[in-house]
Amino acid sequence: MGANGCTYINDTNPHTGKFTSVQFTEASVVGAITGPMENSADFIADATSFAQGQVLYLPLTSIQLTSGKAILYKA
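The sequence shown begins at 99 in the working numbering and counts up by one.
Since the hints were derived computationally from the structure, they do not count as laboratory data.
Keep in mind the model is a prediction, meaning the values are calculated, not measured.
Among the hints, a few may not be true.
Claimed, not checked - No more than 20 Å apart at the CA atoms, straight line, and that leaves these computed lysine to any residue pairs for SDA-like: (1) Lys116 - Ala145; (2) Lys116 - Ala143; (3) Lys116 - Thr105; (4) Lys167 - Thr132; (5) Lys116 - Ser138; (6) Lys167 - Gly103; (7) Lys172 - Gln162.
Hey, can you work out the whole structure from these sequences and the hints?
Encoded structure:
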């Protein structure tokens, strides 16, 4: 993890690239995500909250936070 670099995000703008996972550095809610995740619309609609330190392992190409901060690990 992190061998190809990473990006820190702390805003509600969309962030694009090729990422392997997301580690949340504070309590966070994902507002949009693009990747091979079934039922991602339900995931977003439920406003699933991630605690500080939790990791979402999912290859993704875009993510937008509703709130919080995270590190995106590049593929």
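Now the hints, each set against the structure:
no. : hint            : verdict
1   : Lys116 - Ala145 : violated, 23 Å
2   : Lys116 - Ala143 : violated, 24 Å
3   : Lys116 - Thr105 : holds, 11 Å
4   : Lys167 - Thr132 : holds, 18 Å
5   : Lys116 - Ser138 : holds, 18 Å
6   : Lys167 - Gly103 : holds, 17 Å
7   : Lys172 - Gln162 : holds, 16 Å
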